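Engineer: Listed here are the chains, written in short residue letters.
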Amino acid sequence: MAESIVRLEKARKAFPLPEGGTVTALDGIELEVARNEFLTLLGPSGCGKTTLLHAISGFVELDAGRIFVDGDDVTERPPHKRPVNTVFQNYALFPHMTVGSNVGYALDISGTPRMERDSRVGEALEMVGLGGLQNRLPRQLSGGQQQRVALARAIIARPKLLLLDEPLSALDRKLRQAMQIELKTLQAELGISFIFVTHDQEEALTMSNRVAVLDGGAIQQIDTPRAVYNNPANEFVASFIGASNLFRGAVKGNTVVTAGGDVIQVSVDTTSMNQVTALLRPEQYAIANGERDASAAYMDVTVRQIVFTGAGYELHGETASGHTVVATIAAAQQTQVANAETSRRATLSYDPAAVHLIPASGGKP
Amino acid sequence: MNFVHKLGSLSLIVYVFIFFAFIYLPIALIVIYSFNADPVNMMRWSGFTIDWYRQIFGFRNASSEAALYIESTDQLLAAVRTSLIVAASTTAVATVLGTAAALAVFRYSFFGKRFYRVLLFVPMLMPDIVLGIALLIFFVGVGISLGVGTIIIGQCTFLISYVFIVVSARLAGMDRTLENASADLGADEWTTFRKITLPQVMPGVVGGALLAFIISMDDLVITYFISGTSTQTLPIFIFGMLRRGIKPEVNAIATMMLLFSFAIAALGLYLNRRKR
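As given, the protein sequences belong to chains H and X, one line each in that order.
Take the first sequence: its position 30, counted from the start at 1, is 30 in our numbering, and no numbers get skipped.
Take the second sequence: its position 47, counted from the start at 1, is 47 in our numbering, and no numbers get skipped.
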């Protein structure tokens, strides 16, 4: 296992609740992060992602299980003796110290010679685009600049692993997108592994080599962003990542029939399955022109609402059984959209081959 | 309607004026009469003089021959010195212990923490006279002779509470992830305390220390019980003077104490603002 930089074995942690009882934050987590990998922990609040991060940095002691960093067992080590650094959610910059002292903190602690320390502080600030701001105080910087200082401070000691705890959540949308690209570039340049925590699925898909989707203290799925999006392992992953239309039903030949009577055409091997959930992403739909294509499947819906989103339209409708359907319609289909708006009815087409089936046993317990 | 409204706001202004006059007029009078030349009747203005101030510092002058009220300047200065020694010592002890207690309560959760916090508040709420008598009985019972030492110990019992509260308030506003960030960057607990926690709580510590100093300088009731017969702090000395009638020098001493307190309060405000 020389290739993995972090390995967690059966990590378990429960917190006592003030009203009695406990909540399980980590439920036997097994995780391995490769060298130079960008792994994202994604999940709703309370899924255990921050606890997992704190367990690696040492701020949370595990109830059971072991943590290895670069082959060394660090389970019992206090935070200051672990070769990992963290970028905190609120940046946690030291307000009474200048930007330079903040960034140089780790080097000052380790007793790095003055000359080397100064040049490395300069380099780190240069790297995040803040050269020359050494003597400012954190409160004199904008949110985005503070974010960069936090980043420079965390990478200056050249950790083996950088942990990022929702570092972009306080930034506005534009800045956040710019920082996502920058972080990705920086990670490639530095050649260190990143574990990035977020509840923003778009962020997770954009930046990561792999995404680990967490819920209820357990990893629901860990795979590449594409695999997690296209082949979700269970209903939770399917509904948490991206918008989704889920049809739960019984397999009958090449169709899935829901309890309400909706029929979804599929063209995948269903022989081994009985009860499934069919997943159709909104962008897999289009409005049918009237001409029927033998290779496509169709679904009649009552239109509830059509929303203009800039790049296209979002159609909210209902099937005959009352199942809600969301479809993203390309801007090119504006004639069909106008028709659907007036008639309040539409026929949606989709490719049966693109329907993803989730076995019922793979659903969230 | 408009008239009623105007009357309302006018009476509010008058009320505020009376309110502040009620609080500050007696104090203003003390300052004014400390410059009154009349040696006998405080309420009759008979000219401006700084003789009372001169007299406190041991200068004899014409009017003082007629009314030499202060037993001796040496006694006054000795009382001031005792007060300063007591205040400096209690401030040092109360600041260290109060800050340590606040840090402990802030950082750790332990059995009986709430009860412990209440125990730290109680000395502040305890009637001074009860605390004074209790301390006197305790010191005499244990066999510690009364003097500067017992005053210091006695005042610390309630000054720790003040420091505890001020430092706790500061800690409550502190971002705890700062300590985590420091540890994350490789600093052990002591280094983190020195470089991060202490600078962050310093305004609270300084504020608590200045408050303790002012309260110590000013305390009469508790100190009176546990000072013994040979030790006099400044408030006890003034109280002693008053028992033989109100004399002009008292005004001058009071004015100087007032200035001293203001100076310390101003220093506290200044430090607090600068550190933030």
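It cannot be assumed that every hint is accurate.
[Unchecked claim] Below, in silico cross-link-like pairs of lysine-lysine (DSSO-like), each with a Cα-Cα straight-line distance of 30 Å or less:
| hint | chain 1 | residue 1 | chain 2 | residue 2 |
| --- | --- | --- | --- | --- |
| 1 | H | K174 | H | K184 |
| 2 | H | K184 | H | K160 |
| 3 | H | K174 | H | K81 |
| 4 | H | K81 | H | K160 |
| 5 | X | K195 | H | K160 |
| 6 | X | K195 | H | K81 |
[Claimed, not checked] Beta-carbon label-pair distances, calculated as ranges:
| hint | chain 1 | residue 1 | chain 2 | residue 2 | range |
| --- | --- | --- | --- | --- | --- |
| 7 | H | E30 | X | G173 | 33 to 43 Å |
| 8 | X | V130 | H | Q140 | 48 to 58 Å |
| 9 | H | L175 | X | L10 | 49 to 59 Å |
| 10 | X | A88 | H | D200 | 21 to 31 Å |
Just so you know, these hints were derived from the structure itself, not from any lab.
Bear in mind the structure is a predicted one, so any value in this text is a computation, not a measurement.
The beta carbon of each residue, even a glycine, is placed where N, CA and C say it ideally should be.
Engineer: Decide, hint by hint, whether the structure agrees.
Structural biologist: Each hint tested on the structure:
no.	hint	result
1	H:K174 x H:K184	holds, 16 Å
2	H:K184 x H:K160	holds, 16 Å
3	H:K174 x H:K81	violated, 37 Å
4	H:K81 x H:K160	holds, 13 Å
5	X:K195 x H:K160	holds, 25 Å
6	X:K195 x H:K81	holds, 18 Å
7	H:E30 x X:G173: 33 to 43 Å	holds, 40 Å
8	X:V130 x H:Q140: 48 to 58 Å	holds, 52 Å
9	H:L175 x X:L10: 49 to 59 Å	holds, 54 Å
10	X:A88 x H:D200: 21 to 31 Å	violated, 56 Å
In summary, the structure is inconsistent with hints 3 and 10 from the numbered list given earlier, while agreeing with the others.
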